[in-house]
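Given these sequences and hints, build the entire structure.
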Amino acid sequence: MDNRIIGHVKRVNGPVIEASGITDAMMMELVRISEGRLIGEIVKLAGDTAVIQVYEDTTGIKPGDNVYGSGMPLSVELGPGLIGTIYDGIQRPLEELLEACGEFIEKGVTRPSLNRDKKWHFIPTEGLTPGSKIDSGFSLGTIVETARVTHKILVPPGVSGTIISISSEGDYTVENIAAEIETEKGPIAIKFFQRWPIRKPRPVKSRQPLSVPLITGQRVIDTLFPLAKGGTVAIPGGFGTGKTMTQHAVAKWCDADIIVYIGCGERGNEMTDVLTEFPKLVDPRTGTSLMERTILIANTSNMPVSAREASIYTGVTLAEYYRDQGYHVAIMADSTSRWAEALRELAGRMEEMPAEEGFPAYLPTRIAEFYERAGYMIVQDGSEGSVTIIGAVSPPGGDFSEPVTQHTKRFVRCFWGLDRQLANARHYPAISWLDSYSEYLNDVAEWWETTSGAPWLKNRAEIMELLQKEVRLQQVVKLVGPDALPDSQRFTIEVCTLFKNAFLQQNAFDDIDRYSSVEKQVRMLEIILIYARRGAEAIQRGVTVVKLRHMKIVQDIAKMKLSISNDDITGLDKLEVRLERAMDQLESIYE
Amino acid sequence: MNDISSIEKELLAGREYTGIHKIEGPLAYIKKTHPVGFQELVECVDREGNIRTGIVLDTSDDVVVVQIFEGTSGLTLPDTRMRFMGEPLSVGVSEAMLGRVFNGLGKPIDGGAAPPTEKLLNVNGRPINPTAREYPRDFIQTGVSIIDGMTTLIRGQKLPIFSGNGLPHNELAAQIARQAKITGDKSNFAVVFAAMGVKHDVARYFINSFEETGVIGNVALFLSLADDPSIERTITPRTALTLAEHLAFNKGMHVLVIMTDMTNYCESLREISTLRGEIPSRKGYPGYLYSDLAELYERSGMLKGFEGSITQLPILTMPNDDISHPVPDLSGYITEGQIVFERGMNARGIYPPVAGLPSLSRLMKDGIGEGMTRADHPHLSNQLFAAYSYVKDVRNLASVIGEEELTPLDHQYLEFGDFFEKEFVNQDSHEDRTIEQTLDIGWKALSKLPVEELHRVTEDEIEEYYDR
Ligand SMILES: Nc1ncnc2c1ncn2[C@@H]1O[C@H](COP(=O)(O)OP(=O)(O)O)[C@@H](O)[C@H]1O
Ligand SMILES: [Mg+2]
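Respectively, the protein sequence lines represent chains A and B.
Under the working numbering, the first residue of the first sequence is numbered 8, with each subsequent residue one higher.
Under the working numbering, the first residue of the second sequence is numbered 319, with each subsequent residue one higher.
Since the hints were made in silico from the structure, they are not lab data.
Please note that a few of the clues may not be correct.
The calculated lysine-lysine pairs, modelled on DSS-like cross-linking and capped at a C-alpha distance of 30 Å, are [said to hold, decoys possible]:
1) Lys740/B - Lys485/A
2) Lys114/A - Lys622/B
3) Lys192/A - Lys140/A
4) Lys114/A - Lys350/B
5) Lys499/B - Lys437/B
6) Lys710/B - Lys507/A
7) Lys569/B - Lys425/B
8) Lys766/B - Lys710/B
9) Lys554/A - Lys740/B
10) Lys207/A - Lys416/A
11) Lys554/A - Lys416/A
12) Lys114/A - Lys425/B
13) Lys350/B - Lys476/A
14) Lys710/B - Lys554/A
Derived DEER-like restraints, expressed as beta-carbon distance ranges [claimed, not checked]:
15) Asp518/A - Ala431/B: 39 to 45 Å
16) Arg594/B - Gln475/A: 18 to 24 Å
17) Ile184/A - Glu436/B: 49 to 55 Å
18) Met357/A - Gly484/B: 42 to 48 Å
19) Glu529/B - Asp442/A: 41 to 47 Å
20) Val289/A - Lys683/B: 16 to 22 Å
21) Ile596/A - Glu770/B: 20 to 26 Å
Partial list, derived from the structure: chain A residues whose beta carbon lies under 10 Å from chain B [said to hold, decoys possible]:
22) His15
23) Gly71
24) Gly109
25) Gly165
26) Thr295
27) Glu299
28) Leu303
29) Pro311
30) Val312
31) Ser344
32) Ala349
33) Ala354
34) Ala430
35) Arg556
None of the values given here were measured: they were computed from a predicted structure.
We put the beta carbon where it would ideally sit given N, CA and C, even for glycine.
If you want it as structure tokens, here you go:
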């Protein structure tokens, strides 16, 4: 394969190569360069010259080297064996590369993305026999991929017709034939895996409105700034404010079926961390290891920059493939800024006219296209599936006015802004309750209220109002000191401080606190609101703020997140009863 | 590889051309060459027959751009000879390089003969496969409280010092190099020191410090000083890290790499980028500065099944003490935390003048606590950070409304803050505290606060350590 010479190298400038004498090439075609067969992609064609973006280190490539065509666009392999695997940005399996070339990645080494020898147990869909009609997106049968994931072997998009033959139950490799289908264009053999170009969204039947939250177990997110399944969110923040930790926490505890985690231009050790930690962690909902639902894509900062550009498309394509099987998939891209910078670097090497801060003018279009691949869909066979995109943004200097943050904001509907001050004070997650927002609030309110039976939206509004009020009060305090405020206002500050410590702060390293169930979140908020409401009443009756602050129960409320586990909701009921009683007592003195 | 191309390579390697088309700063443009490889090593022979080293930055069938590390001063257009070596820039490395001094390209400059070569390695290294990494979790005791207690250094970490001109970053780096130990571990260690654009007396300071403690025999120095050609600085850290990788992963040593000053390194990159007319990103630095720095910083860590490790301690001076300047900013995005200096602390006579809040060690979470440092360490450091952060608020408030107007509680916080800075952070540059001492001082500081304020430590910890 790939032995067709379609041109020759003319110029090498880092990861960008100009080729001349081009015949018979297409835009976005996957090509190979020189005898080392480095992988590249044609990104520009003009006359008989082409510009090629190369996914590997181009050291040693010289003018005159051959360019080989492949006749196909840069694609990923989709089939059983993706889950639990770690890939680089162009879907090379890193564990196999380790075997092939050792600890340090060598260029020009490739291995098939899906293992060719492994056998999978296939059970055909009941009722499918030769002569059955079948459409694209329908399942030919299933394979148990991991304890958590049952993989459907789908008829690829665009293929439909009558089954000529279908494999019986048995063990097969991905290259075996699952079925043969007679189509309008003649018979087609469908293997247990398929290919799909990474830059092209996979087709669906229709888009659905969003109404189900993606529960993350992170209180500030779920309760204040919820994300919907099929939604999009950006997490911007300067270095060390907690982007990666937030992404990891969501990847670990959210209620998606499948996680695609993309380390795009970030640290090697962070991927190692995921690789060592995830297999040991147990999904609270299914009891299976977290690795049994996770795919990792690692194109770390020191790996080739072009592959970094490709990595997020690779990731979202894998996500769409599982969505098409009827799964809810969440993808984390850490960090989309590194992807944007890769675009900038490549554009610069191609001597394109820059727009803002050196970024190419098409940056916003590319960002929009990426986030548009999220959604809650009716997939081709009529079932539901979703892709939720959670993108970290790393603004230079932590300044949110820069182009990537600004453009991303235009295309996402949820924004978890990380705050340097909070991070410095070790208030984690450092998600600012003032800058963040979620446009999914009303979409998911019904789900919350039916699930929990609590007036969720109203409770949330109440605490948000207190937080807003506190900001203004703090401004006054900064000018004249706290003594100038009346007790009722000082109590508002007290409640907010308690809410921040007891509710918003969540320690990712604590075994109990790292994940809060829906019920625990609802009950915790209610307890704090009871303290706020009854405290305010008590002050009306003459109770002092000092008395309220020194109530013994306040210490217990402050520690409820750590002391009461998710399966012990009665612990919170008891706390609530004690709180009401303590308030009764306090008030009775002033009766 | 087919035979023809390898024969061709043999024939072409070392092919030489006389005459340069154009010189621009450290860049030489040569026309009408055979096909030259990207990043190929070039020997540039000047009129006197001296050989300079260069690499190919851009190659095409029309013109080849070569960057010359020793600079181009003294080169003439007609009679400079350019020899294309047909291979990438490599450096010969060996354990015998310890105890010696080299220039940025790895040539000895201490008067001694070139040490024997154990391996010839490409200076750019190759990216570590993330699956090959071992997640670092071994605590290194530096004897410096603010580091051990609050921004713990872990073996295999890359933890830079963000400093400013005139601040004692060299003292702190030397102190760490002197005192760093891993509890109960006496295995072989080495220091690789790379100086980029710093003054002679800085290099001298480090050499003296290594000599005094008798470790100089375990130190390899790569010096590209302020009066050396600025372009050499772009290769110096790469040469140094190539040796570090050899020592760590072929020789099983624990290597501490000190690189100073990364800001100078970045300025040299900017210089080349500007000359080539590349589209700049912020403050004129090239758009690939992040990737370039990552190529250096990511050459640290530990590998599964390997004995050794590379711990990096890069030093950079923040222009105008501005942490949002591209050099500290991009570094902070790549490194595993940062130790940030504050000029005000220095002015108040506190050494090391580490600003607690913006400093961070991302790897400490897995390297501290029971069985590693002490069980109360994670909560204690968390509580100290939280309390110290409140101190900053109170100080601001006091400067507006006056200290008299503060509540009694706020006064207690001020007292805590002063104690924390003067007793916990502040120490002598030769004082080597054990982790227990460090944590105990931390508790002494917390004991200045009422117990109800301590939300982040447990009852048991309070029982055991809090001084009522
Ligand atoms: N939820 C959290 N719980 C505890 N610590 C956290 C949390 N979020 C962040 N941190 C701390 O902050 C550090 C930096 O967080 P990280 O997510 O790596 O930042 P970023 O990706 O924004 O640079 C972590 O190493 C950890 O010490
Ligand atoms: Mg991060």
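Output the numbers, in ascending order, of every earlier hint that fails for this structure. 9, 11, 13, 15, 16, 19, 25, 26 and 27
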